[in-house]
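Peer 1: Heads up: the protein sequence lines correspond to chains A and B, in order.
Residue numbers for the first sequence follow this note's numbering, beginning at 7 and rising by one.
Residue numbers for the second sequence follow this note's numbering, beginning at 36 and rising by one.
Source of the hints: derived by calculation from the structure; they are not laboratory data.
Mixed in with the good hints there might be a few duds.
Now the stretches of chain B that chain A is said to cover, found in silico as 3 or more residues with beta-carbon under 8 angstroms [what the hints assert, rightly or not]:
1. 55 to 64
2. 76 to 87
3. 139 to 146
Here are the in silico distance ranges between beta carbons for each label pair [to be verified]:
4. S133(B) <-> T76(A): 39 to 45 angstroms
5. E88(B) <-> L19(A): 24 to 30 angstroms
6. R57(B) <-> S64(A): 45 to 51 angstroms
7. G51(B) <-> S64(A): 46 to 52 angstroms
8. N117(A) <-> H45(B): 27 to 33 angstroms
9. A73(B) <-> G35(A): 25 to 31 angstroms
10. G93(B) <-> K66(A): 29 to 35 angstroms
11. L19(A) <-> T40(B): 32 to 38 angstroms
Just so you know, these numbers come straight off a predicted model, no measurement behind them.
Heads up, the beta-carbon is just placed ideally off N, CA and C, and yes, glycines get one too.
Each chain is listed here by its residues.
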Amino acid sequence: GDSVTQMEGPVTLSEEAFLTINCTYTATGYPSLFWYVQYPGEGLQLLLKATKADDKGSNKGFEATYRKETTSFHLEKGSVQVSDSAVYFCALSLQGAQKLVFGQGTRLTINP
Amino acid sequence: ETGVTQSPTHLIKTRGQQVTLRCSSQSGHNTVSWYQQALGQGPQFIFQYYREEENGRGNFPPRFSGLQFPNYSSELNVNALELDDSALYLCASTPDSSTDTQYFGPGTRLTVL
Chain A
7 GDSVTQMEGP
17 VTLSEEAFLT
27 INCTYTATGY
37 PSLFWYVQYP
47 GEGLQLLLKA
57 TKADDKGSNK
67 GFEATYRKET
77 TSFHLEKGSV
87 QVSDSAVYFC
97 ALSLQGAQKL
107 VFGQGTRLTI
117 NP
Chain B
36 ETGVTQSPTH
46 LIKTRGQQVT
56 LRCSSQSGHN
66 TVSWYQQALG
76 QGPQFIFQYY
86 REEENGRGNF
96 PPRFSGLQFP
106 NYSSELNVNA
116 LELDDSALYL
126 CASTPDSSTD
136 TQYFGPGTRL
146 TVL
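Work the whole structure out from these sequences, hints included.
Peer 2: In structure tokens:
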């Protein structure tokens, strides 16, 4: 079945470090791919998305590129801030299905 | 700000009781989905409604049921609560203009004792 696998956390970095959170997927069709972020005690916020191969989603300094050949959608940011501390979820949605399939989440902590 | 609100914020119930959780989305969002997020896990799809009809269901038993109303509000009902139902319940709405994107509310934290 359709699934999403994220790198295991927790991830701890210093402020201004480079961030990569790996995400790979398995899907029977051509999914749309998403990154959501969850701050402590809150719901999910859409961070970025990409709907077809080679698309790059970007928002708030975060980027992810839809790589069909490696079935990946890794999240990157060049210089993280303390305020980026949160749990990050990679997810896919198949056309017509409209349900989101989530990875298990990666907890990110940024130290000053 | 997604325009999706949920109530209550927190809820404590005992095993065997029934609970109703509520969600309100905005005009033009005719699709609503519900997810269960256990502690430390990713959200799991419960079901989805489109224009008041169920439009897909995940691997949840029939004691999880829902309703959607014409005023863009919806409910998740859970009967015969079990301890494992303790979780954050998230509602998400989808705008008709962008059917691959879901916007989440803040969630309802349910604790079953």
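Peer 1: Next step is simple, just say for each hint if it's right about the structure.
Peer 2: Do the hints match the structure? See the list:
Note: the region 55 to 64 of chain B has 0 residues with beta-carbon separation from chain A under 8 angstroms; the three-residue rule is not met and the coverage is violated. With 6 residues bearing a CB less than 8 angstroms from a CB of chain A, the region 76 to 87 of chain B meets the requirement of three and the coverage assertion stands. With 4 residues having a beta carbon nearer than 8 angstroms to a beta carbon of chain A, the region 139 to 146 of chain B meets the requirement of three or more and the stated coverage holds. Roughly 27 angstroms separates the CB atoms of S133(B) and T76(A), a value that falls outside the hinted 39 to 45 angstroms.
Our hint of 24 to 30 angstroms for E88(B) and L19(A) is violated, since their Cβ atoms are close to 46 angstroms apart. Range check, R57(B) to S64(A): Cβ separation about 35 angstroms, and the 45 to 51 angstroms hint is violated. Between G51(B) and S64(A) the CB atoms are about 48 angstroms apart, so this pair conforms to the stated range of 46 to 52 angstroms. The supplied range of 27 to 33 angstroms is met by N117(A) and H45(B), whose beta-carbon atoms lie about 30 angstroms from each other.
Roughly 27 angstroms separates the CB atoms of A73(B) and G35(A), a value that falls within the hinted 25 to 31 angstroms. Distance hint for G93(B) and K66(A): a CB-CB separation of about 30 angstroms, consistent with the stated range 29 to 35 angstroms. Hint check: L19(A) to T40(B), Cβ distance near 34 angstroms, so the stated range 32 to 38 angstroms holds.
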